[in-house]
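Please work from the sequences and hints to get the whole structure.
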Amino acid sequence: KAGVTQTPRYLIKTRGQQVTLSCSPISGHRSVSWYQQTPGQGLQFLFEYFSETQRNKGNFPGRFSGRQFSNSRSEMNVSTLELGDSALYLCASSLETKTGELFFGEGSRLTVL
Amino acid sequence: SQQGEEDPQALSIQEGENATMNCSYKTSINNLQWYRQNSGRGLVHLILIRSNEREKHSGRLRVTLDTSKKSSSLLITASRAADTASYFCATDDTGGFKTIFGAGTRLFVKA
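Chains as they are written, first to last, in this note's numbering: chain Y, 1 to 113; chain E, 1 to 111.
For the record, the hints were derived by calculation from the structure and aren't laboratory data.
EDC-like mimics (lysine to aspartate or glutamate), calculated; alpha carbons at most 20 Å apart, straight line:
| id | chain 1 | residue 1 | chain 2 | residue 2 |
| --- | --- | --- | --- | --- |
| 1 | Y | Lys-13 | Y | Glu-75 |
| 2 | E | Lys-110 | E | Glu-17 |
| 3 | E | Lys-69 | E | Glu-55 |
| 4 | E | Lys-69 | E | Asp-93 |
| 5 | E | Lys-98 | Y | Glu-101 |
| 6 | E | Lys-69 | E | Glu-5 |
| 7 | E | Lys-70 | E | Glu-5 |
| 8 | E | Lys-26 | E | Glu-53 |
| 9 | Y | Lys-57 | Y | Glu-101 |
| 10 | E | Lys-69 | E | Asp-7 |
| 11 | Y | Lys-57 | E | Asp-93 |
| 12 | E | Lys-110 | E | Glu-15 |
| 13 | E | Lys-98 | Y | Glu-75 |
| 14 | E | Lys-98 | Y | Glu-96 |
| 15 | E | Lys-56 | Y | Glu-101 |
| 16 | Y | Lys-57 | Y | Glu-75 |
| 17 | E | Lys-98 | Y | Glu-52 |
| 18 | E | Lys-69 | E | Glu-53 |
Listed below in C-alpha cells is the structure:
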C-alpha cells in the first residue's frame, strides 16, 4: 500500500510569489490534514479536509488556503509569500481524525528568499 | 496553539539506557498519541492511548496516561542509536477534526 505522497519535496520561491503544494493520501483515506513545521513554532495545524469539505482550520492568515478533490487528493496554496513562510509543510491522511492515527508524508520544504 | 508540552526539550543518553519523555496537556482528550520524527522527515505514529486507559506497551515502548494530572509519559527501554529522533505527543482537539502536537523532545542516543 503506497504511503502519503507530497510534491514537490523541495522548492525555493521569492517573496511575493505564490506556491501550491500537493498531497496524495493513502488509498481509502478520506481525511487530509496539513501542518506547518518551523524550528520556532513547532508543528502548527493549518487545516483538515474530509470528503472535499474543510472541517477545521488553524490560526493562519487568509493567504493560506487549501482544497480537497473528489479522489481525496489535496492541495494547499500560499499566496504573497513572506520570509516567515519558509518551513516544512507536512500532509497527513487518516481514515478519521477524531479517533486515530495520522499517516504523514515526507513533507515539502519551502524556502522563501 | 499547542495543546501538549513535552519535557525535557532535549535528552542525551547512552545506548542501552532508558529514555523517559513527559507530555502535559491542557484540556480534556479522547486519546493521546506519540509520534517520532527523524530529522527533516515526516512523522511516524508510535502508539495511541485512549482516555480510559492508564498504560500501554508496544515493543520497547511504554506509555502511561494520567488524565487527572493531564499528563503522559513515553518510556523507551534499552535505547539504541537508531532511536535518535524527535518525539512528539499529540492530542485531539475538543472541537474535533484536529490533532495538536506538542513542541517535542529531541532524543540523542550515543553509541
